[in-house]
Amino acid sequence: MGLYHKSFGSKANPALILLHGWGMSSSIWSTLLPMLTPYFYVTVVDLPGLGRSSSADAFMTLEAMASSIVSELESSSAEPLAQPTYWLGWSLGGMVALQIASQYPEKVHALMTVASNPCFVQKEDWEHGMNPVMYRQFKAAIESSPEKTLSRFAMLQIQGGDAAKPILKQIKAVLAASQPTQLLATLALLENDLREPLSKLNCPVLHMYGSEDHLVPNSTITAIQALATAQQQTVSFQGAGHLPFLSSPEAFLQAILVFIESIKKYG
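Once you know that position 145 of the sequence shown is 145 in UniProt numbering, the rest is easy, because the numbers rise by one and skip nothing.
Wrong hints could be hidden among the right ones.
Subject to a maximum C-alpha distance of 27 Å in a straight line, what follows is the list of computed DSSO-like cross-link-like pairs (lysine-lysine) [claimed, not checked]:
{"no.": "1", "residue 1": "K6", "residue 2": "K169"}
{"no.": "2", "residue 1": "K172", "residue 2": "K107"}
{"no.": "3", "residue 1": "K107", "residue 2": "K139"}
{"no.": "4", "residue 1": "K123", "residue 2": "K107"}
{"no.": "5", "residue 1": "K172", "residue 2": "K200"}
{"no.": "6", "residue 1": "K6", "residue 2": "K172"}
{"no.": "7", "residue 1": "K265", "residue 2": "K11"}
Just so you know, these hints were derived from the structure itself, not from any lab. Computed from a predicted structure; not experimentally measured.
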(Lines of atoms letter the chains of each structure in order from A and count residues from 1; the text may use other names and numbers.)
(Lines give C-alpha, C1' and ligand atoms only; values in the text may rest on other atoms or scores of the structure.)
Protein backbone atom coordinates (compact mmCIF):
# COMPACT_ATOMS: atom_id res chain seq x y z
CA MET A 1 0.00 0.00 0.00
CA GLY A 2 2.95 2.34 0.56
CA LEU A 3 2.41 5.49 2.57
CA TYR A 4 -1.21 6.11 3.55
CA HIS A 5 -2.18 9.77 3.37
CA LYS A 6 -5.38 11.69 2.76
CA SER A 7 -6.09 15.38 2.21
CA PHE A 8 -9.03 17.47 3.39
CA GLY A 9 -10.26 20.99 2.71
CA SER A 10 -9.49 23.54 0.03
CA LYS A 11 -6.15 23.86 -1.75
CA ALA A 12 -6.69 27.60 -1.57
CA ASN A 13 -5.87 27.42 2.15
CA PRO A 14 -2.36 27.10 3.62
CA ALA A 15 -1.09 23.51 3.61
CA LEU A 16 -0.83 21.67 6.95
CA ILE A 17 0.51 18.13 7.37
CA LEU A 18 -0.29 16.13 10.52
CA LEU A 19 1.94 13.32 11.82
CA HIS A 20 0.64 11.09 14.62
CA GLY A 21 2.45 9.40 17.50
CA TRP A 22 3.82 5.92 18.15
CA GLY A 23 1.41 2.97 17.97
CA MET A 24 -1.34 5.15 16.56
CA SER A 25 -2.64 6.20 13.14
CA SER A 26 -3.89 9.37 11.51
CA SER A 27 -7.37 8.52 12.83
CA ILE A 28 -6.30 10.19 16.09
CA TRP A 29 -6.92 13.54 14.32
CA SER A 30 -10.54 12.76 13.36
CA THR A 31 -12.19 15.07 15.91
CA LEU A 32 -9.72 17.90 15.21
CA LEU A 33 -10.02 17.82 11.41
CA PRO A 34 -13.36 19.67 11.16
CA MET A 35 -11.84 22.47 13.25
CA LEU A 36 -8.75 22.75 11.03
CA THR A 37 -10.20 22.53 7.52
CA PRO A 38 -11.80 26.00 7.52
CA TYR A 39 -8.27 27.40 7.86
CA PHE A 40 -5.95 24.81 6.25
CA TYR A 41 -5.59 22.32 3.43
CA VAL A 42 -4.91 19.40 5.76
CA THR A 43 -3.08 16.19 4.89
CA VAL A 44 -2.96 13.37 7.44
CA VAL A 45 -0.27 10.69 7.18
CA ASP A 46 0.09 7.22 8.68
CA LEU A 47 3.76 6.85 9.60
CA PRO A 48 5.53 3.91 7.89
CA GLY A 49 4.98 0.72 9.89
CA LEU A 50 1.95 2.18 11.67
CA GLY A 51 -1.71 2.51 10.77
CA ARG A 52 -2.45 1.74 7.13
CA SER A 53 1.06 2.40 5.83
CA SER A 54 3.28 -0.47 4.83
CA SER A 55 6.91 -0.51 5.86
CA ALA A 56 10.34 -1.89 5.13
CA ASP A 57 13.50 -2.18 7.19
CA ALA A 58 15.04 0.68 5.23
CA PHE A 59 12.40 3.05 6.59
CA MET A 60 13.30 2.38 10.18
CA THR A 61 15.64 5.29 10.70
CA LEU A 62 14.36 8.80 11.14
CA GLU A 63 16.33 9.92 8.09
CA ALA A 64 14.85 7.21 5.86
CA MET A 65 11.36 7.76 7.26
CA ALA A 66 11.61 11.49 6.56
CA SER A 67 12.79 10.77 3.02
CA SER A 68 9.96 8.29 2.44
CA ILE A 69 7.26 10.70 3.64
CA VAL A 70 8.54 13.68 1.65
CA SER A 71 9.02 11.58 -1.50
CA GLU A 72 5.52 10.09 -1.32
CA LEU A 73 3.86 13.44 -0.65
CA GLU A 74 5.79 15.14 -3.46
CA SER A 75 4.46 12.60 -5.96
CA SER A 76 0.90 12.65 -4.61
CA SER A 77 -1.88 13.89 -6.87
CA ALA A 78 -3.28 15.72 -3.82
CA GLU A 79 -0.22 18.02 -3.99
CA PRO A 80 0.18 18.62 -0.24
CA LEU A 81 3.67 20.08 -0.80
CA ALA A 82 2.79 22.33 -3.74
CA GLN A 83 2.93 25.43 -1.54
CA PRO A 84 4.77 26.54 1.63
CA THR A 85 3.78 23.90 4.15
CA TYR A 86 3.18 23.83 7.89
CA TRP A 87 4.05 20.55 9.63
CA LEU A 88 2.52 19.47 12.94
CA GLY A 89 3.71 16.32 14.73
CA TRP A 90 2.47 14.77 17.94
CA SER A 91 4.86 12.79 20.20
CA LEU A 92 6.94 10.54 17.88
CA GLY A 93 5.38 12.44 14.99
CA GLY A 94 6.97 15.58 16.41
CA MET A 95 10.39 13.95 16.18
CA VAL A 96 9.70 12.88 12.59
CA ALA A 97 8.51 16.39 11.68
CA LEU A 98 11.62 17.86 13.33
CA GLN A 99 13.79 15.50 11.28
CA ILE A 100 11.98 16.57 8.10
CA ALA A 101 12.53 20.25 9.00
CA SER A 102 16.24 19.56 9.50
CA GLN A 103 16.63 17.33 6.44
CA TYR A 104 14.35 19.20 4.04
CA PRO A 105 14.23 22.83 5.26
CA GLU A 106 12.85 23.98 1.91
CA LYS A 107 9.74 21.82 2.50
CA VAL A 108 8.92 23.26 5.93
CA HIS A 109 7.52 26.77 6.21
CA ALA A 110 7.02 26.31 9.95
CA LEU A 111 7.06 23.43 12.44
CA MET A 112 4.69 22.65 15.31
CA THR A 113 5.34 19.85 17.81
CA VAL A 114 2.85 18.49 20.34
CA ALA A 115 3.88 16.65 23.52
CA SER A 116 7.16 15.83 21.81
CA ASN A 117 10.63 15.46 23.27
CA PRO A 118 13.74 15.91 21.08
CA CYS A 119 15.43 13.29 23.28
CA PHE A 120 12.73 10.94 24.62
CA VAL A 121 15.04 8.66 26.62
CA GLN A 122 17.13 10.13 29.44
CA LYS A 123 20.86 10.63 28.93
CA GLU A 124 23.61 11.76 31.29
CA ASP A 125 23.18 15.35 30.10
CA TRP A 126 19.39 15.14 29.57
CA GLU A 127 17.20 14.20 32.52
CA HIS A 128 13.95 15.29 30.86
CA GLY A 129 12.93 11.95 29.40
CA MET A 130 11.96 8.37 30.16
CA ASN A 131 14.22 6.39 32.46
CA PRO A 132 16.34 4.05 30.27
CA VAL A 133 15.50 1.02 32.44
CA MET A 134 11.77 1.73 32.12
CA TYR A 135 12.18 2.20 28.38
CA ARG A 136 13.92 -1.19 27.99
CA GLN A 137 11.21 -2.84 30.09
CA PHE A 138 8.55 -1.26 27.89
CA LYS A 139 10.28 -2.57 24.74
CA ALA A 140 10.41 -6.07 26.20
CA ALA A 141 6.72 -5.89 27.12
CA ILE A 142 5.78 -4.80 23.59
CA GLU A 143 7.66 -7.80 22.21
CA SER A 144 6.08 -10.32 24.60
CA SER A 145 2.50 -9.01 24.88
CA PRO A 146 1.83 -6.13 22.48
CA GLU A 147 -1.95 -5.84 22.93
CA LYS A 148 -1.80 -5.71 26.72
CA THR A 149 1.11 -3.26 26.65
CA LEU A 150 -0.62 -0.96 24.15
CA SER A 151 -3.65 -0.86 26.44
CA ARG A 152 -1.40 0.17 29.35
CA PHE A 153 0.26 2.76 27.10
CA ALA A 154 -3.16 4.24 26.31
CA MET A 155 -3.81 4.62 30.04
CA LEU A 156 -0.45 6.33 30.52
CA GLN A 157 -1.24 8.88 27.82
CA ILE A 158 -4.44 10.06 29.50
CA GLN A 159 -3.06 10.25 33.05
CA GLY A 160 -3.25 13.75 34.47
CA GLY A 161 -5.42 15.15 31.71
CA ASP A 162 -9.00 16.36 31.84
CA ALA A 163 -11.82 14.39 30.16
CA ALA A 164 -9.87 11.15 30.54
CA LYS A 165 -12.67 8.61 29.96
CA PRO A 166 -13.90 9.80 26.52
CA ILE A 167 -10.30 10.31 25.38
CA LEU A 168 -9.34 6.80 26.50
CA LYS A 169 -12.27 5.40 24.53
CA GLN A 170 -11.11 7.26 21.42
CA ILE A 171 -7.48 6.15 21.82
CA LYS A 172 -8.46 2.51 22.26
CA ALA A 173 -10.63 2.70 19.13
CA VAL A 174 -7.70 4.10 17.13
CA LEU A 175 -5.34 1.45 18.50
CA ALA A 176 -7.79 -1.34 17.71
CA ALA A 177 -8.11 -0.20 14.10
CA SER A 178 -4.50 0.80 13.41
CA GLN A 179 -3.01 -2.72 12.99
CA PRO A 180 0.61 -1.56 13.25
CA THR A 181 3.12 -3.86 11.55
CA GLN A 182 6.31 -2.64 13.17
CA LEU A 183 5.73 -1.59 16.76
CA LEU A 184 9.26 -2.39 17.92
CA ALA A 185 11.03 -0.83 14.94
CA THR A 186 9.07 2.41 15.25
CA LEU A 187 9.45 2.43 19.04
CA ALA A 188 13.23 2.37 18.53
CA LEU A 189 12.96 5.72 16.73
CA LEU A 190 12.29 7.30 20.12
CA GLU A 191 15.93 6.55 21.02
CA ASN A 192 17.11 9.27 18.66
CA ASP A 193 18.62 12.47 20.05
CA LEU A 194 17.50 15.48 18.02
CA ARG A 195 18.68 18.22 20.33
CA GLU A 196 21.38 19.43 17.95
CA PRO A 197 19.13 19.55 14.85
CA LEU A 198 16.52 21.38 16.95
CA SER A 199 19.04 24.02 17.99
CA LYS A 200 19.94 24.66 14.33
CA LEU A 201 16.46 25.01 12.83
CA ASN A 202 15.94 28.23 10.89
CA CYS A 203 12.16 28.03 10.50
CA PRO A 204 9.58 29.26 13.03
CA VAL A 205 8.70 26.55 15.59
CA LEU A 206 5.91 26.18 18.13
CA HIS A 207 6.32 23.54 20.85
CA MET A 208 3.04 22.64 22.58
CA TYR A 209 2.76 20.69 25.83
CA GLY A 210 0.21 19.51 28.37
CA SER A 211 0.88 20.69 31.92
CA GLU A 212 -0.07 17.26 33.31
CA ASP A 213 1.74 15.09 30.74
CA HIS A 214 3.14 11.91 32.35
CA LEU A 215 5.27 11.00 29.31
CA VAL A 216 6.95 14.34 28.61
CA PRO A 217 7.83 16.08 31.90
CA ASN A 218 7.28 19.81 32.42
CA SER A 219 11.02 20.30 32.78
CA THR A 220 11.26 19.61 29.04
CA ILE A 221 9.72 23.02 28.36
CA THR A 222 12.51 24.91 30.12
CA ALA A 223 15.14 22.65 28.58
CA ILE A 224 13.70 23.22 25.09
CA GLN A 225 13.75 26.98 25.63
CA ALA A 226 17.45 26.77 26.48
CA LEU A 227 18.14 24.87 23.24
CA ALA A 228 15.86 26.80 20.94
CA THR A 229 16.57 29.65 18.58
CA ALA A 230 14.78 32.99 18.80
CA GLN A 231 12.20 31.79 16.25
CA GLN A 232 10.98 29.02 18.56
CA GLN A 233 8.05 29.41 20.95
CA THR A 234 6.53 27.18 23.64
CA VAL A 235 3.01 26.96 25.02
CA SER A 236 1.57 24.78 27.80
CA PHE A 237 -2.09 23.79 28.07
CA GLN A 238 -3.18 23.79 31.70
CA GLY A 239 -4.90 20.60 32.82
CA ALA A 240 -3.97 18.72 29.63
CA GLY A 241 -2.03 15.46 29.50
CA HIS A 242 -0.24 13.89 26.53
CA LEU A 243 -3.11 14.67 24.13
CA PRO A 244 -3.90 18.39 24.43
CA PHE A 245 -5.52 18.43 20.99
CA LEU A 246 -8.19 16.06 22.36
CA SER A 247 -8.60 17.44 25.87
CA SER A 248 -8.30 21.16 24.96
CA PRO A 249 -9.22 21.35 21.25
CA GLU A 250 -10.39 24.97 21.21
CA ALA A 251 -7.31 26.26 23.02
CA PHE A 252 -5.16 24.04 20.81
CA LEU A 253 -6.64 25.48 17.61
CA GLN A 254 -6.26 29.01 18.96
CA ALA A 255 -2.57 28.43 19.73
CA ILE A 256 -2.00 27.26 16.16
CA LEU A 257 -3.82 30.23 14.64
CA VAL A 258 -2.00 32.76 16.83
CA PHE A 259 1.34 31.17 15.90
CA ILE A 260 0.53 31.23 12.17
CA GLU A 261 -0.60 34.84 12.41
CA SER A 262 2.67 35.79 14.14
CA ILE A 263 4.59 34.24 11.24
CA LYS A 264 2.59 36.25 8.72
CA LYS A 265 3.03 39.43 10.75
CA TYR A 266 6.76 39.21 11.42
CA GLY A 267 7.90 36.78 8.76
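*Is K107 within 27 Å of K139, Cα to Cα?*
Status violated; Cα separation ~33 Å.
_Pairwise hint evaluation, K172 against K6, where the allowed Cα distance is 27 Å at most_ = holds, 22 Å
*Verify the proposed pairing of K172 with K107, using a straight-line Cα cut of 27 Å.*
Violated - the C-alpha atoms of K107 and K172 are around 33 Å apart, more than 27 Å.
*Is the straight-line distance between the alpha-carbon of K265 and that of K11 27 Å or less?*
Status holds; Cα separation ~22 Å.
_Can you confirm whether the C-alpha distance between K172 and K200 stays at or below 27 Å?_
violated, 37 Å
*Holds or violated: K123 to K107, with C-alpha atoms at most 27 Å apart*: Given that 27 Å is the threshold and the Cα spacing comes to 31 Å, the pair is violated.
*asked:* What's the verdict on K6 and K169, does the C-alpha distance respect the 27 Å limit or exceed it?
replied: holds, 24 Å
Checked against the numbered hints above, the structure violates hints 2, 3, 4, 5; every other hint is satisfied.
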